[in-house]
Amino acid sequence: MKKVLLTLSGLMFLCLGVAMAQQTRTISGTVTMKSDGTPLPGVNIVLKGTQIGTVTDADGKYVLKVPESGGTLIFSYIGMKQEEVEIGKQNTINLGMASNTEQLNDVVVVGYGSQIKKDMTGNIASVSGKDIQNVPVPNFESAIEGRNAGVFIQQNNGKLGQAMEIRIRGASSVSASNQPLVVIDGVPVTSSNQSNSYNGTGSATNPLSDLNFADIQSINILKDASAAAIYGSRASNGVIIITTKDGQAGKTQFNVKYSQGFSSPTGKRKFMNGTQYSNYFIEAAKNAATYFNDGFDYVGYVESHFQKYSLGKWTQSNPGNYNWVDQAFNKNAGFRNVQISASGGNNKTTFYASGNYDNTSGIVIENYLQRISGRLNLEHKANDKVTIGAKINLIKTTNKRVPDDDAFSTPVQLLAQPPIQPIRDSQGNYISDNSLYFNGLLYKQNASFPVNSFHTYANTYAQYNITQHLMYRSEFGLDLYDQNEQRWFGSAVARNTGYGNGDALQTWDRVVNYTLNNYAEYSNTFNSVHDIDATAGISYQRSNQTQSYVEGVSYPSDQFRQIISAAQITGGNTQETAFSFLSYFARANYKYKSRYLLSLSGRIDGSSRFGKNHRYGFFPAASAGWIINQERFLKNSSFISFLKLRASYGITGNAAGISNFAPLGLYQAIGYGGIPGTSPTQIQNPDLKWEQTAQTDIGIDYGFFDQRINGSVDYYFKKTKDLLLNVNVPATSGFTTQIRNVGKLQNKGFEFVINTVNLLGKFFWSTNFNFSANQNKITNLNGQIITGGFINRAMEGQPIGVFYAQQFAGANPANGDALYYLNRTPTQQEISDGTAFKVKNMYGGKYVTNNYDAAQRVVLGNPNPKFTAGLTNNFSYKGFDLSFMFYMVYGNKIYNGGGAYMSASGNYFDNQTIDQLNAWQKAGDVTMVPQARLFASNGTGDSSRYLDDGTYLRLKNLTLSYSLPKRLLGKLNGMRQVKLFMTGQNLLTFTKYKGFDPEVNTDYLAGNISLGNDFYAAPQARTISFGINLGF
Amino acid sequence: MKSNHIANRFVTKRHMNMNRLRIPLMLILSLVLSFSGCDKYLNIQPQDTINQSLALNSARDVENALVGAYSNLGDQYLWGGQLMMEPDLLAATNELTWGGTYQGPRDVFTKNIHVNNGYVASMWEQAYKTINVCNNVLASINKISDSTTKATVQGEAEFIRGSLYFELVKLWGKTYTDGDPNGNMGVPIVLTPTTIITSQNNVSRSSVANVYKQVIKDLNDAKAKLPTSNGFFATTYSASAILSRVYLMMGDYQNALTEANRIIQSGQFSLVKNYMDEFNNGSNTTEDIFDMQVTSQTGINDLHTFYASSSAGDIPNPSRGDITMTQPFMSLFSSTDTRSQQFYLSVDGVSYYTHKYDNPFSNVIVARLAEMYLTRAECNYRLGSSVGATPVADVNKIRERAGLQDLTSITSVDQILTERKKELAFEGHFLEEIKRTHGSVGSIPWNSTKLIFPIPQREMDANKNLVQNNGY
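Protein chains in written order, with our numbering: chain A, 1 to 1032; chain B, 1 to 472.
A hint or two may mislead.
[Said to hold, decoys possible] Which bits of chain B does chain A cover? Going by a derived footprint, with three or more residues having C-beta under 8 angstroms, they are:
1. 127–136
2. 414–428
3. 455–463
[Said to hold, decoys possible] Below, computed lysine to aspartate or glutamate pairings styled on EDC-like, alpha-carbon distance capped at 16 angstroms:
4. 992(A) - 915(A)
5. 313(A) - 294(A)
6. 111(B) - 384(A)
7. 450(B) - 86(A)
8. 612(A) - 432(B)
9. 111(B) - 796(A)
10. 313(A) - 326(A)
11. 270(A) - 915(A)
12. 721(A) - 631(A)
13. 450(B) - 432(B)
14. 348(A) - 384(A)
In case anyone wonders, no lab produced these hints; they're calculated from the structure. Fair warning: this is a prediction, and the values are worked out from it, not measured in the lab. C-beta: ideal position from N, C-alpha, C; glycine also.
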């Protein structure tokens, strides 16, 4: 019935149109696909500025009556480039439409300028703001996860506002930063952790999570040396250039978007229930009594502790069962987001203004992120030569943080509590003194940790077009970050904090980071065949950071939470640090006959971080390209629409992430009993300089069938030398490490991107696929071994962060002891005393031992994936759009550092993972789980027992949307767009990993070497959201 | 990415005008020039720390460095607590139980120490860090012109260095009286400050005997140079107290007696009236010979961290309560022994704790007078002498304070050793008592490799000249 009405109303419009047009004439024609001439049915044809329109029939033919005066016809069709055709005197208008899958003439933002995509000789991955507009995640990095080849992005855990791990073409450093430089609207911004070290948490936060990514026009990721070397000493880890939206001249367009989502954990690890736990630990106690044979009553000990934990309720037949795992998670997790924007202006002045409110409740309890932001981007053409503009973004963020993954109070550690232990006591209060571990649920009412930050990105610029060919641009950008952390512990959490009468701590951090860029660009064409584009300029950046904190303990009651009420001020300080860069850069692009490309760039960077010996560094790059399809022999190919061969080589540097005063020998002030003193903190190294990466890239950009199939293939080879390493030195020197330029590493990789339009027509289907494989290898560490995480290492001949420990062999079938492969030749003594032995038909004939320390440590696995791949499919039919994206991470290993507690053969009272029920029971049992033995540490040393395969395939995103058809919108007064959408994030995960979630790196350890570790890490969020987008 | 302000910059056609070009070119030029004095934009000095070239130039600087040595000595991994706690855990069978979750101390308690034990590594690293600070002080000592100050500062640095080498050789080397100390591996000896790292820093282990020689040299020198009173810093008696322990470990009862007697007879120290008054004090008591100072601002009492219980209602500053007392040990105390007042049952009704470390901001006692009475008693008894007092008189002095009846005579050295065990419980003496008296830890004999710390794996990896202890 509805459909009939709709059709009728459509007809009425048509009739009206006819009735109103006194004098009409008829236009007809055929619309085809430009590439192969096939007719296109269903193409929308509208007379500009009117409601007059039609669609093509099955043969691509159309007939349309238009007023005698004519006008302009707009041809639009999903997946094709929209065309406007002036009617003039024509009565027949045939049109060949081109697909808009890959716009070769797109402009890509590069460092200090922009370039036409088809003329680029460097490798730049791009994401349009439009592609990620409905992804229900709180930060842009998560939104682009898996969308680009060579860009690996991982969220360490499912907590909000936490740091992200971003690796562009692998890790190029061991001790300095591996994170890319982030440039927003021309200004390098503060992207590193700003969590104050005095706040008691070690996990890093992410200042970029403040950015409302609805304001983003484009994200361009400079991957190879040719693209990135213009950023010189900052570019070894790649550069992410973010450009925010500009206003569009014309009628002011408003957009209002509301979305709401519901989140839950992606997965849960399985633990014992009360009965299993109770029986298992009594067995562990019996086994301990036999094992230790010391007359101690282990079973009695366990039972008395069960009495304690269960508040006297435990019996062997009815031990009780409480699900502590579920207590860690927030049943009302999700988000609400409101985005309002307006864009418009005239040919002199344009503006884009937006406001955003986002309120996200994390999947673990007591974790919230609330963001309010406003932006105004303004550009004004003062005359035909001078353009001035400003982009101002103010953001207030409140992040209610939860403790680090290694804190007893962090929600996920609740799973360690025995399942026989009630959650509440008989009075209905959370169990407190008698719980095995401190009960983190007490943090709900008795502790808080909100972090309030005020973030300003403010840029102004002026551009002077001196001549048609020469322009000069000056940019000043300020990134002002102001943060206040407020940590409070009430008296009820004293068991964990040690403060019987409460504790409050506040920190203040301010980062004033400003940049001044001045550059000129000259561009001209000579003799119609020589195109030259040259840029040169100066950049100065300075970043000052000041921090302070104060802490006070002992409050009259929990009602007093400000430090003014503290009986005792127990801590406080102020700190200041700064760095600066002064840089000179230049780039020249040359194009001959529109097909031979050459680009040279260089940058001289001066840094405050290095001493007089190595203050300045020079970072050059060269690249060349050949647009083969412009050659005569391919020019008329109907098959190949684009083919470019390109190669680049360049040198980039890195010194981010090291101390601002790394080369100096330093003394700190240190007090004793109220008397001031000093103590050395750092051993000097006056010869310190930048890490240097030389990168070669060879690539092909291709397009077939009028770009319906297009993409690129790249091979790169990055060699890094002079690694800045915290080298282990003998502690007998008084120092444990020294920072030095030693060592080399390399990354080799392959990237493949293909985009296809599979179906054109009423039903549109396109596919994007990216694949990247990176091989990291540390080639020289000067004999050093650098450790991290639980068992991670940087060691020669291996990828960064390999897991290195004893190789677990399972339970000894004879007695249930944990066995390890000896992995070396045993001594005669070890064979005769039984330390090393072989078991017939087992362990591949190798020696095993139950002496953990006797076993040789070996490389057990690699935390870095062998490859990652992303596959996106987009479908459109009438007003419906469906897209889904799969993301795969393959070949990495994950180490569960919590295994020594949660899968520990009943070593202590922690609830055990369900697999511990497969423990060795009797002689002859062949199992990977050693005998349960209380307090015996049976196999709890770090080993491959706790190492798992981390491969996963994930339905990362699925979005279904419906846009109301134009003809209906006409009835809604002034509506331009009404779009309803539904999105799912992390909907399905396929993995063999037994933990919560394979996308993990526990927050308190996460670093360059400490990779792929799980330790009570909060899982990722699975989010389903609904929204509406109104445009008018 | 359809359009962009940068991309559009050349869209409108403009005519060339050379005159108009000049002004912006001059602007560019002036900007370039303004950056020409550029190093000044790149000279940024640290604000939170100072360059080492500014650190040791005056008498005041050297004294500051000495205070830094005390601060490092009071670190949690040294006399801030772990140098007392870990040996007690290693020596414990029925005295105490480790119930905490930390793997490092648990492995020490279960006598199953791994080469990568984080506590063992931190203790090693912090000891040598502190020794380097002492070496800095000693190398710059001539910056101090006042001879009294100079002697005191030198003595204090030697006191700290000598004490730490003693602690190191006790934990990482074989007992002095176990075989030939000249043939047994001690620890590396470093006596010069580190200003730059070279292969010279890969120091080998010296013999146990050589380490003891260095310890005695440092402590004797300190004893000679240090004053009789020095605020809460080390005095000549602090050096004597550690020396008395060194000689006890060596079985040199005559010298141990001399040092203990010297302290008692100085009259500088007296037993506090009630045993429990000796503990949980924020400043030195009359009984304390040497304390590590702990305030809410500086220092740490790591014994509080692990001994103080979370589950006793009356403790104002509860902590982890990872170490609990066991019945066999508590039953050593008679019911009238006031020292048993330290024990209390937690509200869980299962675990007993000690009250010795309830206050997080109390000093960590390194040496107190009661130990000297017991040392003097033992040495006199073993030597058949009665220097200062008879053994029974000294033991009774300790018993009287504990509210116990006097002994009429001493018939076995074990009587003195048992008194010592009760008096000094949980103060870090258990292991050295077992080792020097050739006792055992349960079934593990005193000279077992299990009772010696491994050289940390990190250190083995960093210094190829080191040889690992047997058993690791």
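Check your understanding: What are the numbers of the hints that this structure violates, sorted from low to high?
Key -> Violated: hints 2, 5, 6, 7, 8, 9, 10, 12.
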